[in-house]
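Here's the letter readout for the chains.
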Amino acid sequence: MELHSAFLEAFFKWNLIERYFPAIMKGVGVTVEIAAAVVLTGICAGLALAVIRAFRARPINVVIVLFADALRALPPLVLVLLVYFGLPNLGINLPSFAVLWIVLSLVLAAFCEEIFWAGILSVPKGQWEAARSTGLTFLGTLSYVVLPQAVRLTVPPITNRTIAITKNTALGTVIGVGEILNQATTAQSFSGNATPLMMGAIAYVILFIPVVALGRFLETRFRWRRA
Amino acid sequence: MEALRQQFFNLAIMERALPLLLMGLRQTAILCLLLVPLGLSGGLLSALLSRSRARAMRWLALVAIDFFRAVPPLVLLIFIYSGLPFAGLRPSPLTAVAVAFFLNTSSYYGEIYRAGIESIPAGQWDAARSTGLSSAQAMIYVVMPQAVRNVLPDLVSNTVEVVKLTSIASVVALPELLYSADMARSVTFNSSPLVLAAAIYLLLLWPVVRLVSRLERRIAA
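Protein sequences appear in the order of chains A and B.
The opening position of the first sequence corresponds to residue 1 in our numbering, with each subsequent residue numbered one higher.
The opening position of the second sequence corresponds to residue 1 in our numbering, with each subsequent residue numbered one higher.
Looking at chain B on its own, in the form it has when it is part of the complex (with noise of 0.2 Å):
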């Protein structure tokens, strides 16, 4: 028991490891605010590509999708931070993860609006056009409101997802919350550190994750 104790929750050595812990959250959350709008918007580029009218364009789309759906981010992320400068380019950590969550987490964010917009009623569509409304309208002012009102628990979640993806930028020495946390584990040869990320992670995201439940359980209602 004393060994848990001392192993886990050394507050001595969480103590002096927070400053650190600290530096890497606002990396973490300079990292959210720059990569979540990043996938918003790719993901609604890639449902609008994903339903256009050329079929050639529509299919390419869908392939790019479902690629970028079956490769785990962490192999994406290595893939461009250490296969690149074999093709003469050599991305910063920054820039290797913020074109490997654009292309994984857009792929998501697309499903996600392509859900939203599929479930809004063909009837809506010809309503809003018989107003007048251009097609670009119909889809701005009628269309989008109501579908991502229908699959806002999904977004939500699928932020969740993204934020704690964050943590594998640490494989390519981002110093963000888990790399920091993981710098004093490996300084103090003691796990509380990593508790104290775990602990920080746990307040950030726990209300989230509630209100995931929540929103769900009312639009299933």
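For reference, chain A alone in the conformation it holds in the complex (with noise of 0.2 Å):
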């Protein structure tokens, strides 16, 4: 029993739970939209960059493959010190927030161009030439036949490599942008108590659980690879 009371008061105190509500929902706030910009942000540049490199135009795609292979090697904690701490040297001042907002698109850019790029090449060449040979142009091609039929086969791994990215937004805390994370571990200090931390944790939970269930509904929806 008196194990049992400590523990409440360690990680379940009720005033402390009170107090910080507010706090750790503006963290929820701020963790929503960045990762909701991520998402945006993100998957579009993937595309985009997947759709460029479909024209094979081979000094393009040099670049393409290097920024999409220095971005899925890189750890992403490194990039955001780098940038956060980098760019002012260069007389470039951008707020925490927009650093790990770009940070983080530009990781989830170059794996959603890698998986793009994937899904293009898995349609058959047949398609391609047949589309072509109806009098489709190039682009005709790509977004009414080639696109349409990639993309359904990307939605797992897409979506797998979505959630991983958006939990990175935990990643923020470390320059300082008001997340779950920061708004806990700021709270734990002036506490001195855990409840806040526990918050912070059951706050991510709520917020991923239904992310990772839909995760895994549509890997067993549309399977990647037919094993």
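Don't read these hints as lab results, they were simulated from the structure.
No false leads were slipped in.
Here are some of the chain B residues that sit facing chain A, going by a computed Cβ distance under 10 Å:
hint	residue
1	66
2	71
3	88
4	166
5	167
6	171
7	182
8	186
9	191
Since this is a predicted model, take the numbers as computed values, not measurements.
For each residue, glycine too, the CB sits at the ideal point set by N, CA and C.
Dock chain one against chain two, each of which comes alone in its own frame, and use the hints as you go.
Here is the structure:
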């Protein structure tokens, strides 16, 4: 009984829950905003890069592949710190949420480009030839014939990757973006109690469990590989 | 242009920071040698539990997997490192990192193994069992080898993610590569050590990222 109440005291202290609820909710707002912005710009940029790559202009494609490889190989936290501390030295001052948004969008774009490109490659050549022979232009073929088939295949991997990268919004706490984790650690150090951390963790679970479940559903719905 | 070179590609500063970064790289390597096997075996355990015959066990495993996939790893790490002391446990940075990574990466590896096991047709099981193999033997000698081969690209690509993820250990002051680079940055007021760290990560992981792309295409074809 003693142990039980000590546990409640440390992790579920009621007056702290009441006091810090608004701060955590503010963090939820920031996390959702940045995540939504990253999903939008990241996926669109990734699709645009894959489409550009489909034109098979050698020098441009080399640049795209280098970009996609580098951003897939680098830890996002390295990029966040590099951009956050590096740009001011060049006289560019961006607010920290913008740094987080830009970095995560670029990372998501790199992964999406690779996935969309794999999708485009998976459409048989005959589809291209047939579409072109009906008089469709290159872009027409791409947008009416190839992409609709390619994108369907890419739904599960894109969803999983997007979930993984939106969870990286928590990295923003390192550069002081006021998202959930940042609000929770700040409240924890003010109150000297772990309750705000517990609230932050619960907020993430409430936000992301439905998304993870959606990912699981999509994975069984459209199989990426027919193994 | 000169400012760019001075701030990001300052060779003199890079040279001074290199010994520190190499020490960090050693820590990163140790972390990977610890965390990847930990995750691979935890993943195997979670895959087997999530296919257990006991319904309650199966549900418990699935709930745990989804829970740890929903919580960002950095949140888990900070919760363990700065939350548990309030419950009287004081994990060292290394323990905190090991526990957080075990919980997080086991769930991801577990899902990959599970997809692999499910990709093996039931006939393989039946045939293996009918030759007199026990169900454990059928799993070890017949199903797993094929399952792992089917999901090899995913296993490798998740391992790349784990290696990249070790960089968050810097947040709890574990002196790995990124932590060392950021130390050097804050001492020199110059971003070159971070660029050097990025270059080291690239050097290590780029070949693996290329390999994953090739493996993926080979299996898709």
